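S.K.: Below are the chains, spelled out letter by letter.
Number of protein chains: 2
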Amino acid sequence: MAVSRARLATKATPEDRNETIAPLDLSALTSIVGYPLRRAQLAVFDDFNRRFAAIGLTPAQYSTLAAIGANPGRKQSDIAAALGIQRPNFVAMMDELERRGLAERLQSEADRRSRALALTAAGRTLLTQARRVQGEQEKEIERLVGRAGRETLVQLLQRLAELENRP
Amino acid sequence: MAVSRARLATKATPEDRNETIAPLDLSALTSIVGYPLRRAQLAVFDDFNRRFAAIGLTPAQYSTLAAIGANPGRKQSDIAAALGIQRPNFVAMMDELERRGLAERLQSEADRRSRALALTAAGRTLLTQARRVQGEQEKEIERLVGRAGRETLVQLLQRLAELENRP
DNA sequence: TATTGTTATACTCTATAACTATA
DNA sequence: TATAGTTATAGAGTATAACAATA
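One line per chain: the protein sequences are A and S, in this order. In terms of this note's numbering, the first sequence opens at residue 271 and continues consecutively. In terms of this note's numbering, the second sequence opens at residue 271 and continues consecutively.
Bear in mind the hints are in silico, worked out from the structure with no lab data behind them. These figures come from a predicted structure and were not determined experimentally. Zero decoy hints are in this set.
With the C-beta cut set under 10 Å, the calculated list includes, among others, these residues of chain S facing chain A: (1) Ala292; (2) Asp295; (3) Ser301; (4) Tyr305; (5) Leu307; (6) Arg309; (7) Ala310; (8) Val314; (9) Ala351; (10) Ile411; (11) Thr422; (12) Val424; (13) Arg429; (14) Ala431; (15) Leu433.
We treat Cβ as the ideally placed atom computed from N, Cα and C, and that holds for glycine.
Please model the complete structure; the sequences and the hints are all you need to start from.
M.R.: This is the structure in structure tokens:
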């Protein structure tokens with residue numbers, strides 16, 4: 271019943287031919303923060319994308335929905351700035367969320383130039399669902415680094431992000 | 271002598287007019303790993319780019335030089351794979367490093383299809399210099415998260431990167 | 001037949017300048 | 001004169017298909 275992994279593989283790998291693939295020495299890179307930071311970020315985002323493929327949300331879309339949900343009525347440029355997204359690039363983001371009926375740009379009474387962002391009922395429902403999916407990723411991360419490790423990680427990363435304020 | 275910061279600014283900010291800018295609530299995002307991970311990665315790479323502007327190396331170029339330097343004679347596709355770079359995209363990378371006289375593609379005796387990569391003398395010199403610049407970034411990171419914090423961070427990030435092996 | 005390096009290409013992200021309507 | 005949203009656009013980075021040379 272069970273088929274060997276080698277037989278399932280479409281191509282013969284060096285391992286299949288009993289050839290040794292000498293691993294590269296990347297110790298000069300893995301010991302500094304930047305390299306594993308980038309690799310970890312890519313891995314977590316890839317994992318996120320796999321988990322959110324069915325629900326159809328990118329990391330940027332998830333963070334946008336979460337930001338609007340927690341700060342309804344704030345103007346578009348404030349949400350964009352808080353997320354570190356350039357205003358011009360945030361237009362297409364909102365176009366898409368609005369097209370899908372998840373968020374809306376309301377008329378601001380105070381200043382007719384600006385748009386007050388808010389989630390629709392569908393957007394709030396999807397955000398609730400998305401939080402559950404995200405929670406599963408967080409649990410998987412806890413399995414990898416431990417409960418305390420996850421919290422330490424968040425703290426250290428938040429402090430690292432302060433580098434951006436030091437030009 | 272000293273000019274006030276407000277006078278140096280080109281544009282009047284809300285602070286200049288004593289307007290309060292209510293900060294957004296992003297606690298739902300900052301408490302999960304993915305968000306600060308991405309922000310920290312961007313901050314560290316931006317800092318890297320500022321430090322390496324004079325020397326003219328991107329993070330990807332630095333990691334490529336380091337990988338070739340520690341593994342001379344390895345074929346192009348092995349170096350690319352180890353760095354997580356697609357083979358087609360690595361061609362332009364090597365073209366540029368070769369054009370600048372930092373690395374070279376040598377004829378492999380064993381297999382005439384493959385190219386054995388190596389650093390030139392100039393490449394080794396630049397890599398030595400680059401390591402010093404990178405070391406300064408690492409010290410700045412230690413100032414932010416502490417000596418033990420930096421090491422903990424590297425360990426946690428390396429374990430996080432294992433997510434990539436779990437489809 | 002499979003692998004190595006390569007070309008071509010497309011798609012996503014990101015950054016900047018400039019327009020419009022409002023203030 | 002400045003700001004909010006927008007348009008247009010250009011540059012990275014990344015992913016895939018296909019080809020020639022070689023195994």
